[in-house]
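Participant: Sequence:
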Amino acid sequence: MKLRLYFLAALFALSCTAKTNLQAQTEAGDKSVDFNELSESFLHKIKAEEDTQEIQNILANTTIKELDAALDTNDKRLAFWLNIYNAYIQVILQNNPELYDDRGSFFKLEQIKIAGEMVSFAKIEHGLIRKSQWEYG
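The numbering of the sequence shown is the numbering used here, which starts it at 564 and goes up by one.
If you are wondering where the hints come from, they were derived from the structure by calculation, not from laboratory data. Among the hints, a few may not be true.
Claimed, not checked - Result set (SDA-like, lysine to any residue): computed pairs, CA atoms no more than 25 Å apart in a straight line: (1) 686 with 660; (2) 610 with 628; (3) 694 with 629; (4) 676 with 648; (5) 694 with 646; (6) 610 with 656; (7) 671 with 611; (8) 628 with 656; (9) 676 with 638; (10) 694 with 645; (11) 676 with 623; (12) 628 with 686.
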């Protein structure tokens with residue numbers, strides 16, 4: 564029980580820190596957003612049942628050039644896309660759980676806006692995470 568309380572306290576502290584850093588970056592007009600921190604903050608906010616619209620707006624309005632510059636290693640890219648994939652699945656299913664009734668369509672539907680482009684979960688999973696456009700291998 565104590566371990567769980569410590570874990571929750573640590574998670575809360577990390578969430579507050581990430582939120583503060585995110586707000587500082589966006590309020591200062593800093594174009595060099597830490598996208599890995601942003602994607603982690605996205606997941607923390609979902610877990611804490613906080614509003615994620617600000618993060619979704621940042622992701623939608625960034626550019627491919629900014630993403631490429633910030634995600635300059637394979638590890639950074641993989642962490643970012645895994646977090647984005649998991650976060651958006653939760654956001655979309657919280658808002659529209661019936662979309663998952665047709666599982667195949669759910670993953671293929673372009674419903675996530677990143678850097679001005681609409682992408683599907685299938686594109687993220689197979690094209691960016693697995694680096695294979697072929698979804699069966």
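Participant: All the hints need checking, so say for each whether the structure fits it.
Facilitator: Tested hints:
1. Proximity of residue 686 to residue 660 is assessed by CA-CA distance (about 21 Å); at most 25 Å being required, the pair is judged to hold.
2. Among the hinted pairs, residue 610 with residue 628 is inconsistent with the structure: their alpha-carbon atoms are about 30 Å apart, more than 25 Å.
3. Distance restraint check for residue 694 and residue 629: the Cα-Cα separation of roughly 20 Å lies within the 25 Å cut-off, and the hinted pair is therefore satisfied.
4. Simply put, residue 676 and residue 648 have alpha-carbon atoms about 12 Å apart, close enough for the 25 Å limit, and the pair holds.
5. For the suggested pair residue 694 and residue 646, the alpha carbons sit about 16 Å apart, so the restraint of at most 25 Å is met.
6. Among the hinted pairs, residue 610 with residue 656 is consistent with the structure: their alpha-carbon atoms are about 14 Å apart, no more than 25 Å.
7. Proposed proximity of residue 671 and residue 611 is contradicted: the alpha carbons are some 28 Å apart, above 25 Å.
8. Of the supplied pair hints, the one linking residue 628 and residue 656 is violated, its CA atoms being roughly 29 Å apart against a limit of 25 Å.
9. Between residue 676 and residue 638 the alpha-carbon distance is near 22 Å, which keeps this suggested pair within the 25 Å criterion.
10. Between residue 694 and residue 645 the CA atoms are separated by roughly 13 Å; this keeps the pair inside 25 Å, and the hint holds.
11. A hinted pair counts as satisfied when its Cα atoms are at most 25 Å apart, and residue 676 with residue 623 qualifies at roughly 5 Å.
12. This hinted pair checks out: residue 628 and residue 686 have alpha carbons roughly 19 Å apart, not beyond 25 Å.
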